[in-house]
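K.L.:
These are the residues of each chain, in order.
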Amino acid sequence: DAGITQSPRYKITETGRQVTLMCHQTWSHSYMFWYRQDLGHGLRLIYYSAAADITDKGEVPDGYVVSRSKTENFPLTLESATRSQTSVYFCASSRGRSYNEQFFGPGTRLTVL
Amino acid sequence: KQEVTQIPAALSVPEGENLVLNCSFTDSAIYNLQWFRQDPGKGLTSLLLIQSSQREQTSGRLNASLDKSSGRSTLYIAASQPGDSATYLCAVYSGGGADGLTFGKGTHLIIQP
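Residue numbers (our numbering), protein chains in the order written: chain A, 1206 to 1318; chain B, 20 to 132.
Just to be clear, a hint being listed does not mean it is correct.
[What the hints assert, rightly or not] DSBU-like mimics (lysine-lysine), calculated; alpha carbons at most 35 Å apart, straight line:
{"id": "1", "chain 1": "A", "residue 1": "Lys1275", "chain 2": "B", "residue 2": "Lys61"}
{"id": "2", "chain 1": "B", "residue 1": "Lys124", "chain 2": "B", "residue 2": "Lys61"}
{"id": "3", "chain 1": "A", "residue 1": "Lys1216", "chain 2": "B", "residue 2": "Lys61"}
{"id": "4", "chain 1": "B", "residue 1": "Lys124", "chain 2": "B", "residue 2": "Lys87"}
{"id": "5", "chain 1": "B", "residue 1": "Lys20", "chain 2": "A", "residue 2": "Lys1262"}
{"id": "6", "chain 1": "A", "residue 1": "Lys1262", "chain 2": "A", "residue 2": "Lys1216"}
{"id": "7", "chain 1": "B", "residue 1": "Lys20", "chain 2": "B", "residue 2": "Lys87"}
{"id": "8", "chain 1": "B", "residue 1": "Lys20", "chain 2": "A", "residue 2": "Lys1275"}
{"id": "9", "chain 1": "B", "residue 1": "Lys61", "chain 2": "B", "residue 2": "Lys20"}
{"id": "10", "chain 1": "A", "residue 1": "Lys1216", "chain 2": "B", "residue 2": "Lys20"}
{"id": "11", "chain 1": "B", "residue 1": "Lys87", "chain 2": "A", "residue 2": "Lys1216"}
{"id": "12", "chain 1": "A", "residue 1": "Lys1275", "chain 2": "A", "residue 2": "Lys1216"}
{"id": "13", "chain 1": "B", "residue 1": "Lys124", "chain 2": "A", "residue 2": "Lys1262"}
{"id": "14", "chain 1": "B", "residue 1": "Lys87", "chain 2": "A", "residue 2": "Lys1262"}
{"id": "15", "chain 1": "A", "residue 1": "Lys1262", "chain 2": "B", "residue 2": "Lys61"}
{"id": "16", "chain 1": "A", "residue 1": "Lys1216", "chain 2": "B", "residue 2": "Lys124"}
In case anyone wonders, no lab produced these hints; they're calculated from the structure.
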């Protein structure tokens, strides 16, 4: 039972480059989420998806793009990376919206030089 | 806007002690509250989920309580062990526009052998 996986686990890139972080879950959960974790800010929601082809912005969406063509995958793209996007990114999933537990992936540590 | 606060930010206690971690939130209109554990460099592990209609949940040596009207939750850890050392995060689901969890900044717990 793989659960929820993220790739790559570590990434170093340069300012202005496009970067895609991958998230895959094997539970067929409807909801998927992307959070970033920064010292001093804690975890903040970037984007979420209620189902395939349904996505919406969270608290800090600027500079990020998401897509969800298949239920199990929810990639996060930084179209033109900036130093302020250096962070640890976590993907999560849950069966439903209001009353369901969220399960988190292991995270991707991204450094933008 | 929902805000979540965790006190204390850090705690160091000898092995065997019972301890309480505190979480408060500003808007009592929540659907649920979730406690997580995060080990250094790792993802988040869900410990307990309390629905808004519940007063407490238990799992092994962990007991979480919820007082929604006062905007408070506590995580009680019985007979602490060095393996309990980690950062403990509290998060609430409030629904509304940005459909994800709102996190506190965590309590960094060290259990001394």
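K.L.:
The structure should be examined with respect to each hint, and the outcome stated for every one.
P.N.:
Verification of the supplied hints:
| no. | hint | verdict |
| --- | --- | --- |
| 1 | A/Lys1275 with B/Lys61 | holds (26 Å) |
| 2 | B/Lys124 with B/Lys61 | holds (16 Å) |
| 3 | A/Lys1216 with B/Lys61 | holds (16 Å) |
| 4 | B/Lys124 with B/Lys87 | holds (20 Å) |
| 5 | B/Lys20 with A/Lys1262 | holds (16 Å) |
| 6 | A/Lys1262 with A/Lys1216 | holds (24 Å) |
| 7 | B/Lys20 with B/Lys87 | holds (16 Å) |
| 8 | B/Lys20 with A/Lys1275 | holds (32 Å) |
| 9 | B/Lys61 with B/Lys20 | holds (28 Å) |
| 10 | A/Lys1216 with B/Lys20 | holds (33 Å) |
| 11 | B/Lys87 with A/Lys1216 | violated (41 Å) |
| 12 | A/Lys1275 with A/Lys1216 | holds (24 Å) |
| 13 | B/Lys124 with A/Lys1262 | holds (22 Å) |
| 14 | B/Lys87 with A/Lys1262 | holds (27 Å) |
| 15 | A/Lys1262 with B/Lys61 | holds (25 Å) |
| 16 | A/Lys1216 with B/Lys124 | holds (24 Å) |
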